[in-house]
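A.B. asks: This is what each chain is made of:
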Amino acid sequence: MDGPGRTTTILRGGVGNGLRFLVLASISVTLMLLDHHQQHLSRVREALSVAVYPVKVAVDFPFNVWNVVSDAITERRTLVEENIRLKREQLETSFRLQRLASLEAENARLRELLDSSSKLESRALVAEILAVDLDPYKQRFSLNRGLLDGVYVGQALLDANGLVGQIVRVGPLTAEALLISDPDHAVPVTVNRNGLRTIAVGTGDSRRLRLPYLTNNADIEVGDLLVSSGLGGVFPAGYPVGRVVEVKQQPGQSFAEVTAEPMSKLDRDREVLLVWTSAEDSPGAAAANVEVP
Amino acid sequence: MSALIGLILTLALSVVPLPESVAPFRPDWVAVALLYWCFAAPRRFSLVTAFVLGLALDSLSGALLGQHAAALLVIVYLAERFYLRVRMFPISQLIVVIMLLLALYEFILFWIDGVAGRTVPLIERWAPVLTGTLVWALLTLLGERRRREARALV
Numbered sequence: 001m002d003g004p005g006r007t008t009t010i011l012r013g014g015v016g017n018g019l020r021f022l023v024l025a026s027i028s029v030t031l032m033l034l035d036h037h038q039q040h041l042s043r044v045r046e047a048l049s050v051a052v053y054p055v056k057v058a059v060d061f062p063f064n065v066w067n068v069v070s071d072a073i074t075e076r077r078t079l080v081e082e083n084i085r086l087k088r089e090q091l092e093t094s095f096r097l098q099r100l101a102s103l104e105a106e107n108a109r110l111r112e113l114l115d116s117s118s119k120l121e122s123r124a125l126v127a128e129i130l131a132v133d134l135d136p137y138k139q140r141f142s143l144n145r146g147l148l149d150g151v152y153v154g155q156a157l158l159d160a161n162g163l164v165g166q167i168v169r170v171g172p173l174t175a176e177a178l179l180i181s182d183p184d185h186a187v188p189v190t191v192n193r194n195g196l197r198t199i200a201v202g203t204g205d206s207r208r209l210r211l212p213y214l215t216n217n218a219d220i221e222v223g224d225l226l227v228s229s230g231l232g233g234v235f236p237a238g239y240p241v242g243r244v245v246e247v248k249q250q251p252g253q254s255f256a257e258v259t260a261e262p263m264s265k266l267d268r269d270r271e272v273l274l275v276w277t278s279a280e281d282s283p284g285a286a287a288a289n290v291e292v293p
Numbered sequence: 001m002s003a004l005i006g007l008i009l010t011l012a013l014s015v016v017p018l019p020e021s022v023a024p025f026r027p028d029w030v031a032v033a034l035l036y037w038c039f040a041a042p043r044r045f046s047l048v049t050a051f052v053l054g055l056a057l058d059s060l061s062g063a064l065l066g067q068h069a070a071a072l073l074v075i076v077y078l079a080e081r082f083y084l085r086v087r088m089f090p091i092s093q094l095i096v097v098i099m100l101l102l103a104l105y106e107f108i109l110f111w112i113d114g115v116a117g118r119t120v121p122l123i124e125r126w127a128p129v130l131t132g133t134l135v136w137a138l139l140t141l142l143g144e145r146r147r148r149e150a151r152a153l154v
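As given, the protein sequences belong to chains A and B, one line each in that order. The numbering used here puts the first residue of the first sequence at 1, with every later residue one more than the last. The numbering used here puts the first residue of the second sequence at 1, with every later residue one more than the last.
None of these hints come from the bench; they were simulated from the model. Since we're looking at a predicted model, the values are computed, not measured. It is possible that some hints are incorrect.
Covered, in the sense of this in silico footprint (three residues per stretch, anywhere, with C-beta under 8 Å from a C-beta of chain A), are these stretches of chain B [as the list claims (entries may be wrong)]:
(1) 67 to 80
(2) 101 to 108
(3) 133 to 145
What follows is a list of derived Cβ distance ranges for each label pair [stated by the list, open to error]:
(4) V16/B <-> S70/A: 35 to 43 Å
(5) A3/B <-> D71/A: 19 to 27 Å
(6) L13/B <-> W276/A: 30 to 38 Å
Glycine included, each C-beta is placed from N, C-alpha and C at the ideal position.
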């Protein structure tokens with residue numbers, strides 16, 4: 001490139017750049033305003049999430065391969081050990097399941113007596129967590145299920161041990177989930193021992209939940225199991241959320257400092273269950289069906 | 001073509017899972033790559049590239065749509081604008097310029113988070129500026145040596 005020719009390109013480019021910068025910057029500011037205030041941009045987001053889907057899959061791929069390989073080369077001894085453990089667990093769960101069948105029947109009968117139309121069974125789908133780090137300051141992850149699988153915003157996520165979180169954003173192929181340990185997340189819970197209702201708030205640490213709304217004289221002890229209460233209508237009722245690990249009464253303050261540990265392995269899961277619950281499942285709707293004498 | 005692959009690679013690098021202890025030090029790969037190209041091959045990457053990459057980054061990281069796009073636009077615009085003026089600086093001074101630009105990038109992200117009401121600790125925002133500058137310096141030194149070798153061959 002020769003001298004003068006280059007200068008003119010630079011000059012022309014310089015002027016055009018300023019204008020282009022202003023246009024693009026105002027577009028991004030408009031996008032931010034729209035995205036922050038309303039849900040107008042869900043279509044744009046869906047399209048973008050499809051566009052970046054290959055990147056997510058590509059990032060997930062090596063981790064997937066590693067899992068397959070490590071599965072393939074596991075030692076026989078570990079396999080035998082795991083087999084024994086799984087058999088024991090299976091025996092235990094099938095023992096519990098036998099009782100569950102009779103309890104379910106009894107529950108259905110009692111509900112019929114109360115004339116309430118609650119269904120116990122709910123549909124579930126296994127979703128895989130994509131090994132993609134989202135914002136490091138938020139407890140979120142991506143899943144490999146989206147609109148095409150019927151996933152919807154606000155859907156509850158469970159794993160084998162308890163509640164994991166909820167869906168906050170859905171694209172056609174992927175969805176974004178917010179964990180119960182996110183500082184912006186709160187779950188309505190009840191203490192399983194005595195039915196005390198409260199709210200479990202995330203801390204940003206995946207091994208800790210806070211229960212900030214319990215008074216100093218509240219009946220709560222270390223080891224209490226917290227289950228979802230179903231109030232709020234997002235989470236199905238009765239799933240384990242956490243176990244209380246610390247109760248600190250604070251004289252002079254009106255609220256105690258209570259900490260719980262999530263039951264689900266939030267930082268070690270690879271697969272989670274997406275649960276579809278019918279509207280009648282929420283206790284609010286059930287309560288509306290019960291006639292007050 | 002290779003540039004496109006490079007850009008997609010930077011997107012992938014910005015979301016690859018890292019151990020928790022290292023994650024706060026993850027450089028802003030996309031910003032660093034764009035700044036590198038602004039100085040090494042000016043006019044090849046326009047503001048539009050920065051905008052599109054920013055939107056892709058927003059979608060990937062689940063941020064507010066337009067957040068990374070705006071921050072990238074600002075630093076790429078400034079880099080293109082003042083490229084001619086700072087091109088002759090020795091590398092030690094260029095590093096300071098890059099560090100300022102990356103700090104501005106982080107600050108815009110932080111500021112938008114604040115306006116949108118998302119709480120983010122400020123302290124942890126500065127580690128990527130340092131690592132990003134380091135990566136940029138390494139890239140530039142390597143690129144310079146390669147170019148010098150290529151010239152020597154000719």
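A.B. asks: Hints first: check each against the structure and report whether it holds.
C.D. replies: Status of each hint after checking the structure:
1. For the stretch 67 to 80 of chain B, the proposed coverage by chain A is satisfied: 7 residues have a C-beta within less than 8 Å of a C-beta in that chain, meeting the threshold of three.
2. With 0 residues having a Cβ less than 8 Å from any Cβ of chain A, the stretch 101 to 108 of chain B misses the three-residue criterion, and the hint is violated.
3. Here's how the stretch 133 to 145 of chain B fares: 0 of its residues keep a CB closer than 8 Å to some CB of chain A, so the rule of at least three is not met and the hint is violated.
4. Checked against the hint of 35 to 43 Å, the pair V16/B and S70/A fails, with Cβ atoms roughly 19 Å apart.
5. Taking 19 to 27 Å as the suggested C-beta distance range, the pair A3/B and D71/A does not conform, at roughly 38 Å.
6. For the hinted restraint 30 to 38 Å between L13/B and W276/A, the CB-CB distance of approximately 36 Å keeps it satisfied.
Of the numbered hints stated above, those contradicted by the structure are hints 2, 3, 4, 5, listed in ascending order.
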